[in-house]
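Residue numbers (numbering that gives the first Met the number 0), protein chains in the order written: chain A, 0 to 579; chain B, 0 to 426; chain C, 0 to 176.
None of these hints come from the bench; they were simulated from the model.
The model shown is predicted, which means the values in this text are computed figures rather than measured ones.
Treat the hints with caution; some may be incorrect.
[Unchecked claim] Partial chain C-side listing against chain A, Cβ under 10 Å, derived:
#1 Gly39
#2 His40
#3 Pro43
#4 Gln46
#5 Ala50
#6 Leu55
#7 Glu57
#8 Ala58
#9 Tyr61
#10 Val63
#11 Tyr67
#12 Thr68
#13 Tyr71
#14 Ala108
#15 Glu110
#16 Glu113
[As the list claims (entries may be wrong)] In silico SDA-like pairs for lysine to any residue, Cα to Cα no more than 20 Å straight-line:
#17 A/Lys78 x B/Glu415
#18 B/Lys140 x C/Gly92
#19 B/Lys280 x B/Gly297
#20 B/Lys366 x A/Pro204
#21 A/Lys150 x B/Lys140
#22 A/Lys101 x B/Phe385
#23 B/Lys195 x A/Asn15
#24 B/Lys281 x C/Val79
#25 B/Lys34 x B/Ser13
Glycine included, every Cβ here is placed at the ideal spot set by N, Cα and C.
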Amino acid sequence: MPEIFIDDQRFEFEGNPKVLQFVLDQGLELPFFCYHPSLSIPANCRQCFVEAGTPVFNRETNSYELDENGDRVIRWFPKLMTSCSLEATDGMVIKTHRSSEKVARGQKDTLEFILINHPLDCPICDQAGECPLQIQTYKYGPEGSRFEHKKVHKPKRVQLGPNVVLDAERCINCTRCVRFTDEISKSKQLSIVSRGDKNYPLTAPGTEFDDPYSLNTVDICPVGALTSTDFRFKARVWEMNQTPGIDMTGSKGTNIDLWVRNNLVMRITPRYNPDVNDHWMPDEARKDYRRINENRISRPSIKLDGEQVKTSWNNAMLTFNEETGKVKPSEILVIGSPHASVEDNYVLSKFFNRLGVSDVHFANDIEKGRGDDFLITDDRAPNANGCRFLGFTEHDPAALGKAVSASGVKMVVILGDDLIGRGAFPAEAVQGKFTVFMGTNNCDTSNAANLVVPITCSAEHAASYINEAGRIQRTIPAKETVYTSRRLNLEMSLGRLDHFATKFDNWESDDNKVDCIPAWEFLIRLVQETGGDLTYTSSREIMDEIASAIDTFSGVSFERMDDEYGIPLKKENQPQGKTV
Amino acid sequence: MQDWRTYEPLLIPSIKDLHKIDVYEKNGGYQQLKKVLSDKEQTPEAVTNTVKNANLRGRGGAGFNAGLKWSFMPKPDGGPRYIAANGDESEPGTFKDRMIFEYNPHLFIEGALIAAYAMSIDAVYVYIRGEYRSWITMMQKAIDDAYAKGYIGKGIMGSKMNCEMYVHMGAGAYICGEESSLMESLEGKRGYPRVKPPFPAQKGLWGRPTTINNIETLANVPLIIKNGSEWFTSIGAKGHPGPVLYGISGHVNRPGVYEYPSGMLITELINDVCGGVRGGKKIKAVIPGGSSTPPLRGDSLDGVRMDADSLRDAGSMMGTAGMVILDEDTDMVDLVWRISHFYHHESCGQCTPCRDGTGWLEKTLLKIKNGEGEIRDLELLLDICFQMEGRTICALADAAAWPVRYSVARFRDEFEARCKKSIYAVA
Amino acid sequence: MEKFEFNKAERDHIEKIIARYPDSQSAVMPVLWMAQEKFGHVEPDVQKLVAKTLDLPEAHVYGVASFYTQYYKEKMGKYVLDVCTCLSCQVCGGYDMLHYIEEKLGIKAGETTEDGMFSIQSVECLGACGYAPMMQITNDIYVNHLDKAKVDKVIETLKQGKMPEFEPIPMRVAEKS
Ligand SMILES: Cc1cc2nc3c(=O)[nH]c(=O)nc-3n(C[C@H](O)[C@H](O)[C@H](O)COP(=O)(O)O)c2cc1C
Ligand code: SF4
Ligand code: SF4
Ligand code: FES
Ligand code: FES
Numbered sequence: 000m001p002e003i004f005i006d007d008q009r010f011e012f013e014g015n016p017k018v019l020q021f022v023l024d025q026g027l028e029l030p031f032f033c034y035h036p037s038l039s040i041p042a043n044c045r046q047c048f049v050e051a052g053t054p055v056f057n058r059e060t061n062s063y064e065l066d067e068n069g070d071r072v073i074r075w076f077p078k079l080m081t082s083c084s085l086e087a088t089d090g091m092v093i094k095t096h097r098s099s100e101k102v103a104r105g106q107k108d109t110l111e112f113i114l115i116n117h118p119l120d121c122p123i124c125d126q127a128g129e130c131p132l133q134i135q136t137y138k139y140g141p142e143g144s145r146f147e148h149k150k151v152h153k154p155k156r157v158q159l160g161p162n163v164v165l166d167a168e169r170c171i172n173c174t175r176c177v178r179f180t181d182e183i184s185k186s187k188q189l190s191i192v193s194r195g196d197k198n199y200p201l202t203a204p205g206t207e208f209d210d211p212y213s214l215n216t217v218d219i220c221p222v223g224a225l226t227s228t229d230f231r232f233k234a235r236v237w238e239m240n241q242t243p244g245i246d247m248t249g250s251k252g253t254n255i256d257l258w259v260r261n262n263l264v265m266r267i268t269p270r271y272n273p274d275v276n277d278h279w280m281p282d283e284a285r286k287d288y289r290r291i292n293e294n295r296i297s298r299p300s301i302k303l304d305g306e307q308v309k310t311s312w313n314n315a316m317l318t319f320n321e322e323t324g325k326v327k328p329s330e331i332l333v334i335g336s337p338h339a340s341v342e343d344n345y346v347l348s349k350f351f352n353r354l355g356v357s358d359v360h361f362a363n364d365i366e367k368g369r370g371d372d373f374l375i376t377d378d379r380a381p382n383a384n385g386c387r388f389l390g391f392t393e394h395d396p397a398a399l400g401k402a403v404s405a406s407g408v409k410m411v412v413i414l415g416d417d418l419i420g421r422g423a424f425p426a427e428a429v430q431g432k433f434t435v436f437m438g439t440n441n442c443d444t445s446n447a448a449n450l451v452v453p454i455t456c457s458a459e460h461a462a463s464y465i466n467e468a469g470r471i472q473r474t475i476p477a478k479e480t481v482y483t484s485r486r487l488n489l490e491m492s493l494g495r496l497d498h499f500a501t502k503f504d505n506w507e508s509d510d511n512k513v514d515c516i517p518a519w520e521f522l523i524r525l526v527q528e529t530g531g532d533l534t535y536t537s538s539r540e541i542m543d544e545i546a547s548a549i550d551t552f553s554g555v556s557f558e559r560m561d562d563e564y565g566i567p568l569k570k571e572n573q574p575q576g577k578t579v
Numbered sequence: 000m001q002d003w004r005t006y007e008p009l010l011i012p013s014i015k016d017l018h019k020i021d022v023y024e025k026n027g028g029y030q031q032l033k034k035v036l037s038d039k040e041q042t043p044e045a046v047t048n049t050v051k052n053a054n055l056r057g058r059g060g061a062g063f064n065a066g067l068k069w070s071f072m073p074k075p076d077g078g079p080r081y082i083a084a085n086g087d088e089s090e091p092g093t094f095k096d097r098m099i100f101e102y103n104p105h106l107f108i109e110g111a112l113i114a115a116y117a118m119s120i121d122a123v124y125v126y127i128r129g130e131y132r133s134w135i136t137m138m139q140k141a142i143d144d145a146y147a148k149g150y151i152g153k154g155i156m157g158s159k160m161n162c163e164m165y166v167h168m169g170a171g172a173y174i175c176g177e178e179s180s181l182m183e184s185l186e187g188k189r190g191y192p193r194v195k196p197p198f199p200a201q202k203g204l205w206g207r208p209t210t211i212n213n214i215e216t217l218a219n220v221p222l223i224i225k226n227g228s229e230w231f232t233s234i235g236a237k238g239h240p241g242p243v244l245y246g247i248s249g250h251v252n253r254p255g256v257y258e259y260p261s262g263m264l265i266t267e268l269i270n271d272v273c274g275g276v277r278g279g280k281k282i283k284a285v286i287p288g289g290s291s292t293p294p295l296r297g298d299s300l301d302g303v304r305m306d307a308d309s310l311r312d313a314g315s316m317m318g319t320a321g322m323v324i325l326d327e328d329t330d331m332v333d334l335v336w337r338i339s340h341f342y343h344h345e346s347c348g349q350c351t352p353c354r355d356g357t358g359w360l361e362k363t364l365l366k367i368k369n370g371e372g373e374i375r376d377l378e379l380l381l382d383i384c385f386q387m388e389g390r391t392i393c394a395l396a397d398a399a400a401w402p403v404r405y406s407v408a409r410f411r412d413e414f415e416a417r418c419k420k421s422i423y424a425v426a
Numbered sequence: 000m001e002k003f004e005f006n007k008a009e010r011d012h013i014e015k016i017i018a019r020y021p022d023s024q025s026a027v028m029p030v031l032w033m034a035q036e037k038f039g040h041v042e043p044d045v046q047k048l049v050a051k052t053l054d055l056p057e058a059h060v061y062g063v064a065s066f067y068t069q070y071y072k073e074k075m076g077k078y079v080l081d082v083c084t085c086l087s088c089q090v091c092g093g094y095d096m097l098h099y100i101e102e103k104l105g106i107k108a109g110e111t112t113e114d115g116m117f118s119i120q121s122v123e124c125l126g127a128c129g130y131a132p133m134m135q136i137t138n139d140i141y142v143n144h145l146d147k148a149k150v151d152k153v154i155e156t157l158k159q160g161k162m163p164e165f166e167p168i169p170m171r172v173a174e175k176s
């Protein structure tokens, strides 16, 4: 296999990797700005310098030429090379800043140049704390500035479009944003304009940067030149916990990160998954944090005299068990949800199977024409396939509405799906039928329900979702509920403040904790209440059971999902699902 | 070497109305194209070799052997291949290709077509700076005439050769003279130089094999085909042979473009050709080949010849042979500031050291020019140059750094005299 | 608001321009030139027209138009006096000429006279260094060997709505001694 020597360490490589990407893949550090693995390579920032050389091959002897010490003679490129654009070749020798003064000087010099026209306003810049320029300046930059002139001034606070604000003075002209709109979203709405040190990216006069993926440019902008209109000035990066999650606004299964401070999700950003969304996500999906933070159902409630009245968990469970006792299994309509997790749906189905209800139904949530060829899907739900693979009966919303209205139905149990709100059936359809709604947010369906059970949302539980391509991926709890604690719950991620802060700079409060539990937990508590034998203690355990019980899921586990960017479920194992 | 006094111009001979196609034809025009097309021995490889052996070094600045460059073109694969003829001519001090457009456009066209034959080219794009509108009109007329006579187009001169030729008008960007920026500009983009590799011969215009040559370079080709490579190498300097259009400006009595063999003594060009320095003044400096070439001190010109080797030994470069003669009254600080202003204005802004370095150089020089500079600013200038040189995508950064670096080194007394006495002890 | 359009003949001509290149994007510079010729500038609405005509993203056309200095991104005077102050012109009195013209027209480089007749720009080398100092008029005629008298004359000519004559480049040979 071809080999390459980086700072005297030998590595083998395959194919034709570029040196920078190869170095990064080895877990080594090399500073860079303009390079992005999913975009073309302009090599314009000149930050990724290395020294490079190739061994001298003697065709006559068919071997490498050796010096008097028996070492290969290396022909060095006379100039510093940009490693991002330099292709690795067999026997290549690379010196990074770790072994070359020249490279270290080159990196420092580039940073000095970048900084002379940079406003140096980190204290008021959103990017501070996650800014490659800031980080690299600390690590590789000059100690001070020798620039004693007026900086170049450029437009600030330019509202490029509904979601993105530009501060052109902070821009380092890496062209990542322009390349994104040219090569990925293909809206081609941005161009670098003007010339020389007056350069900066802009839309054409009179046009808006309304690319449905515009906020990705904010993510990849290596400085604070592009910021999010919505997130601007709301939180500093180091105050937030970053937790991996899955997008709930479509069936693509876009991998995301949830950024939580004080139990509020402050922003959502895309998380890399080469098989699903690469580095990107739609703007619309980022607004989903509002669903997580706002208008949540907290504490159970029951309907008394047409009004929802808060009640205790105990009363909620008693009521539930009483009501199910009043009706025959055939009179209960159980509705699962493409918006809820595999685990919640599974336990729902299992719970009612125990009671003798054999069928679980769900309504798909399709908005024709919403999708594009990229990350936005017609399907507005993250887990329709989960319902299908669990063998639920699929309906169009209207068809499900009919089933609900059927006179034989005395009790309706709805898991996390605002069916009334999305027009499957009117509120009157459930009048006179005892309706249980297990949901996350107040909505038309919760208003109509006789019993409302608050359940955790994707940001509060560990649970799996199956995307349109049949890939199962899972969430990790990002925010605490009244009953969970970041420090005690092993599924939760700990942030910087959890690790390093003292009590005084960790302003944890109970304000934003929702009084809710996972739907599955509510259901097994019901069982335990009646002395039953359903005894899961975690969603992990539920998934283990699903994996052994249902062919489609064989081999699936949280560990594997974590290690493998989710798991594509085997096509031949996927049931077609029942539709009516 | 032939005495320059008896030299008769070949690129711009004094023949009345030579720019008209029938006059050009009457004077043997397009016969060399005919020769390569009809003579069995003149295979594309043979033509390339002749040009290579003639050691025709590029007249656009870098001085690369044209025939050797042509030989880098891959074998034809059926797809289109291009020549981009570089008439951007924007390096300050350079004004020679314009002479060919006005006085001998068909010589260039014929040369370009021979090159096209040698490299199996489908189309030649003649990139001319937008400011040269008058000369673009002339060039376009010459091309139209050549089309009409069947020298360009399909089945050239009854042969199987097809080749189109188009003029592309620039619009005010020096950087578009850099070959890869020129190609971007031709493709309808901002003139951002490309990262090399891939080189134009591999991936040039529209991703296809392309060769870029300067206008004057191509104009030499028919002469070589006519008289052979040995004849060509016998003209002028050994390592850099052939006729050269010297564009001489600045403080001489008779500035202008002169055609002489390469390797002329700088002093001869100034004193004998251009009638000496205006007002009989002494020479302070000579910029030998356009603003990017390091200025030579007036007292170091003895024996220095206008060819690559001699100029290298003297500490400069041939560049475009656009010489600027500066007399003893020239303010070198002002001059170098203005050169820096040029490069600052013309940097495409793509890569960091050039985008920000050119501005820093200019601002620092302005400070010195205004009498606000300190001695340490001179060291800073040299440091900025060091930080720019060899660190960028194209050579504009080097072109910006060299005149500063060498002026500060060679005229240091003048720069120091403009600086404030530093409040710090100068070590 | 002024409406910018290409007529049929112009659109046909644009098709011919496009045919010179493998793709229509390559025609953006010649078409911007055509537009500037016709409308006198390439303000945003004209750029829009060019983008539409060539089916290119507007941002791309804006990026190109703003890169090249000869495209007038805003309205200029009827005559734009581009005075070279670069290297050879600088050392041969280019700035003196610039300042003389500024004084004469009562505006600074970068400005336009109130009657909209003249704009002045201080520009980079125009490739006429041997005939310094010199200027170009509205991207067209070169006026060489400037001195005050010649400037006066040129401005007078322009005020009468005429362009100065084209000056052929002098053919140079050494004076045989
Ligand atoms: C910044 C820059 C500007 C250049 N400008 C010109 C130019 O105006 N005309 C030209 O012929 N070559 C110019 N060149 C050189 C070209 O890149 C290229 O080397 C040349 O056109 C090749 O032709 P030649 O080999 O015949 O000289 C420039 C190079 C650089 C780096
Ligand atoms: S705005 Fe950001 S991403 Fe865009 S070019 Fe500037 S620094 Fe790069
Ligand atoms: S060196 Fe200057 S002109 Fe060349 S690519 Fe870089 S920024 Fe552009
Ligand atoms: S990462 Fe920007 S030049 Fe390599
Ligand atoms: S310096 Fe003025 S034309 Fe060249």
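The hints, checked one at a time:
1. Gly39: Violated: closest Cβ of chain A sits about 18 Å from C/Gly39, beyond 10 Å.
2. His40: With a minimum Cβ separation of about 13 Å from chain A (threshold 10 Å), the hint on C/His40 is violated.
3. Pro43: holds (4 Å)
4. Gln46: C/Gln46 check passes; min Cβ-Cβ to chain A is 7 Å, inside 10 Å.
5. Ala50: Status holds, d = 7 Å.
6. Leu55: holds (8 Å)
7. Glu57: holds (3 Å)
8. Ala58: Holds, because the Cβ-Cβ distance from C/Ala58 to chain A comes to roughly 4 Å (cut-off 10 Å).
9. Tyr61: holds (4 Å)
10. Val63: For C/Val63, the interface hint holds, since the closest Cβ of chain A sits about 8 Å away, which is under 10 Å.
11. Tyr67: holds (8 Å)
12. Thr68: holds (8 Å)
13. Tyr71: violated (15 Å)
14. Ala108: C/Ala108 check fails; min Cβ-Cβ to chain A is 17 Å, beyond 10 Å.
15. Glu110: violated (19 Å)
16. Glu113: Nearest chain A Cβ about 26 Å off; hint violated.
17. A/Lys78 x B/Glu415: Judged against 20 Å, a Cα distance of about 32 Å means the pair is violated.
18. B/Lys140 x C/Gly92: violated (35 Å)
19. B/Lys280 x B/Gly297: With a Cα-Cα distance of about 11 Å, the restraint between B/Lys280 and B/Gly297 holds, given a limit of 20 Å.
20. B/Lys366 x A/Pro204: violated (36 Å)
21. A/Lys150 x B/Lys140: violated (48 Å)
22. A/Lys101 x B/Phe385: With a Cα-Cα distance of about 12 Å, the restraint between A/Lys101 and B/Phe385 holds, given a limit of 20 Å.
23. B/Lys195 x A/Asn15: Given pair B/Lys195, A/Asn15 holds - Cα atoms ~17 Å apart, limit 20 Å.
24. B/Lys281 x C/Val79: violated (37 Å)
25. B/Lys34 x B/Ser13: It is violated: about 25 Å lies between the C-alpha atoms, which goes past 20 Å.
Checked against the numbered hints given earlier, the structure breaks hints 1, 2, 13, 14, 15, 16, 17, 18, 20, 21, 24, 25 and satisfies all the rest.
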